[in-house]
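**Student:** What follows is each chain in one-letter form.
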Amino acid sequence: MGNISYEFPVAKDDFERAGEASSKIKKILRQLGMDSGIIRRVAIGAYEAEMNLVIHSLGGVISITIDPESIIITAEDNGPGIEDIELAMKEGYSTAPDRIREMGFGAGMGLPNMKKCSDDFIIESVVGKGTKIVMKMMLKDGD
Amino acid sequence: MTVKEICARLNLRSLTGECGMDKEVKGVYICDLLSWVMAHAHAGDVWVTIQTHTNIIAVATLLELSSIIISEDAEVEEDTIKKAIEEGIPLLVSEKSSFMVAKDLIDIGIGS
Ligand SMILES: Nc1ncnc2c1ncn2[C@@H]1O[C@H](COP(=O)(O)OP(=O)(O)OP(=O)(O)O)[C@@H](O)[C@H]1O
Ligand SMILES: [Mg+2]
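As they're listed, the protein sequences go chains A and B. End of the first sequence sits at 143 in full-length UniProt numbering; the numbers just go up one at a time, nothing left out. End of the second sequence sits at 112 in full-length UniProt numbering; the numbers just go up one at a time, nothing left out.
Some hints here could point you the wrong way.
[Stated by the list, open to error] Residues from chain A that keep clear of chain B, each with C-beta distances beyond 12 Å, as calculated:
#, residue
1, Y6
2, E69
3, E83
4, G104
[To be verified] Okay, derived cross-link-like pairs now, BS3-like style, lysine-lysine, Cα gap no bigger than 30 Å in a straight line:
#, chain 1, residue 1, chain 2, residue 2
5, A, K24, B, K4
6, A, K140, B, K26
7, A, K27, B, K103
8, A, K116, B, K26
9, A, K27, B, K4
10, A, K27, B, K26
11, A, K12, B, K82
12, B, K26, A, K24
13, B, K4, B, K26
14, B, K23, A, K24
In short, the hints are calculated from the structure, not lab data. Every residue gets a Cβ at the ideal spot worked out from N, C-alpha and C, and that includes glycine.
Based on the sequences and whatever the hints tell you, model everything.
**Tutor:** Set out below in structure tokens:
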């Protein structure tokens, strides 16, 4: 099997369609007959990354690459970037405004969730430019 | 126990008709913070929450939850109901608090 890749644009503040990219990613993995454990991890990681693009970024793209050894989810946005990544990674840290919190977002658990469900997690950010997150989930026999 | 049985025994109001009613309920998760639900709810769980916007359907679908119980008679947007039907997620409403819903679920033997 060669590498398979898909890209999904995610718009800022588009709560109407929020979650669609992750749902499509999940459907692709199901069609490939992947194991439910790896599907759950990918779904969680993709969802948290997608919601952060909707809530905190100016918009961006989520992509998935599937190769024989792993699934890689990448979220890349067009800004505003994260000033203090270490702080942003802390459980409970959130800058979400009240109207967003009322919807149940802003627990400050998205980035920690992403890290937890990845075997390899990379976050890079440049203020004024944007944030890039790469989550790698290794496939095991049976996935 | 199926969603349909729970709906009947707890006197819940289904906003999604018969949609998904034969799903098996395996457990319960109660929380209004979506990232906590994403991290801790399990496939087959019934999710009790006061959140009503469309994103709760995305969460339920991604985690393969069996159904959602909206507590406190919170008003549910039309878009949420439409999406729930599309995705086959039963949306049930209770006038009780999440705590009382939990108590009722325990009383009928769910989660024990
Ligand atoms: N793509 C992004 N662009 C800019 N800032 C971001 C981005 N992603 C996260 N952040 C910042 O990092 C903080 C922590 O993110 P995290 O996903 O952990 O929590 P949250 O989104 O605030 O709440 P939750 O994910 O629990 O709903 C955010 O509040 C925000 O300040
Ligand atoms: Mg988040």
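**Student:** Now, for every hint given, state plainly whether the structure supports it.
**Tutor:** Evaluated hints:
Non-interface status of Y6(A) relative to chain B is upheld: no Cβ of that chain comes within 12 Å, the nearest being about 17 Å off. With a closest Cβ-Cβ approach of about 24 Å to chain B, E69(A) is found to remain outside the 12 Å limit, as its non-interface label requires. Distance check on E83(A): its Cβ is at least 21 Å (rounded) from any Cβ of chain B, clearing the 12 Å threshold; non-interface status holds. With 12 Å as the threshold on Cβ separation, the claim that G104(A) sits away from chain B is violated: the shortest Cβ distance comes to roughly 4 Å.
For a cut-off of 30 Å, the pair hint linking K24(A) to K4(B) stands: about 28 Å separates their Cα positions. Between the alpha carbons of K140(A) and K26(B) the distance comes to roughly 27 Å, so the proposed pair stays at or under 30 Å and holds. Between K27(A) and K103(B) the CA atoms are separated by roughly 35 Å; this puts the pair beyond 30 Å, and the hint is violated. Our distance criterion of 30 Å between C-alpha atoms is met by K116(A) and K26(B), whose separation comes to about 24 Å.
A C-alpha spacing of about 26 Å is found between K27(A) and K4(B), which places the hinted pair at or below 30 Å, so the restraint holds. For the hint pairing K27(A) with K26(B), the CA-to-CA distance comes to about 23 Å; that is within 30 Å, so the pair holds. Annotation: proposed proximity of K12(A) to K82(B) holds, straight-line Cα distance about 23 Å (limit 30 Å). Taking the CA atoms of K26(B) and K24(A), the gap is about 25 Å. The hint holds against a cut of 30 Å.
Of the supplied pair hints, the one linking K4(B) and K26(B) holds, its CA atoms being roughly 13 Å apart against a limit of 30 Å. Proposed proximity of K23(B) and K24(A) is supported: the alpha carbons are some 22 Å apart, at most 30 Å.
Hints 4 and 7 from the list above are not met by this structure, while the remaining hints are.
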